[in-house]
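Chains A and B, in that order, give the protein sequences. Here the first sequence stands for residues 5 to 123, where the numbers follow the numbering used here. Here the second sequence stands for residues 22 to 357, where the numbers follow the numbering used here.
By construction, these hints were calculated from the structure, which means they are not laboratory data. Note that this is a predicted model, so its numbers are computed, not measured. Ideal placement from N, C-alpha and C gives every residue a C-beta, glycine not left out. One thing to keep in mind: the hints can contain errors.
[To be verified] Covered stretches of chain B, going by a simulated chain A footprint (3 or more residues, C-beta under 8 Å):
(1) 61-75
(2) 174-185
(3) 266-276
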Amino acid sequence: MKSLLMAFLVGGIICALGQLLMDLTPYKITPGHILVGYVTGGAVLSALGLYQPLVELGGAGATVPLSGFGHALVQGAIEGVKSKGILGALGGGIEATSVGVAAAIIFGLVVATFFTPKG
Amino acid sequence: MLTKKVGKQTLQFPNTPVVKSWASAVGPKEGEGPLGQYFDLILDNNLDKGDKSWEATEQKLMQHSLEIALEKVKLQPQDVDYFFAGDLLNQIITANFTARFFGIPFFGLYGACSTLSEGMVLASILLDGGYAQRVGVSASSHHDTAERQLRFPTEMGTQRPMTGQWTVTGGGSYILENQGQGIVITGATVGKIVDKGSSNNNDMGTAMAPAAFDTLKTHLEDLGKQITDYDLIITGDLGSLGLNVLKELLARDGYPTDNVSDCGVLIYSPEQDTHCGGSGCGCSAVVMNYILQGMLEKKYRKIFFIGTGALLSPTSNFQGETIPCIGHGVALEYNG
């Protein structure tokens, strides 16, 4: 129960920050900016070793938002370099995020098949 | 020698073209709104039965509105000399596809929400100048096609800020004749682009208000009129925020604002959660049905209708450009 609550809080705070960035700043920040900014921000924090503590604290609350995707990319790249040398930096990130990417494509296909989106 | 142009931007139509007929077709949300009873056709769904795309439904809305407008005065498409139409989509496809069905010599317009007034101005010029006996003017928009065109696909579920307006799903058509009794067009003021540097595509009312103000002020100055000479100044469509900005601009210059209203404010009730009200070419195109009906019922005798367009493109907006805005004014009078 405690881990559920922590995931909710950590994930919720991350997402609320994004919404506040869009609503309260004078710059025209779109969801697209948040998307790219969060992936990049997560990657940078992860490389500095600052994101892992957040994952330990919030679990899925930290890995499911887009910043978690950036974190997975960086951790994969670091692992790739350790096991395969410098070229592993290119493949490692993709490998580590492949489950998420493939799931997005497959679930997208399933939803599109059943609900024929028009937008 | 110019005889029908007055002042800087105003035209006068001594032959007073008459608005002979009008009709509207709308989506379900507009039908549930406070003006529902004034619309001729209300669809059950934003995607009409049998349509594969929202674009197809929008095209039908415009087509049906023109068909009904013709039907009301027992006219055939061949009785109409020219057809002006426009919408919000790339290459104004709704207007082009609609014109395909009627075989009327056609001018496509892009004026965003000012399309209807722009069409009325041009139609009046043709009619007053003796180039036509009858001209059709149509405009349409559709919430879901416009969201994709100008913002984000609806499936993304992007939150709309409180300054946002809800694009009206609807099409409206008007048949103008060169002479007759009824609601006549006495003059028009052609707007010029006003760009005060706003670039927020979720707050177009604020961007457009200065354009509406400029056109209204120029109109009154050109004709030497008072704002109170009109029973109603109706803008289309600034929304509630933009209308307040316009009223502030007017008040600053000492104009009374009691007779100023906006199509975007009228079309939805506050409970419909549209934030700042309606927008899109279809908004003024269907709300003017209600306003003209009000003129027939003698609620207003003289009105000045300013269609206001926020002429942004998604490309220029992504590139950080500001929004050029325009307002075209049409002076209408009921002489029946």
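Outcome of the hint check:
1. 61-75: holds (count 3)
2. 174-185: Since 7 is at least three, the answer is holds.
3. 266-276: Not satisfied, violated; 0 residues make the cut.
Of the hints listed earlier, the one the structure fails to meet is number 3.
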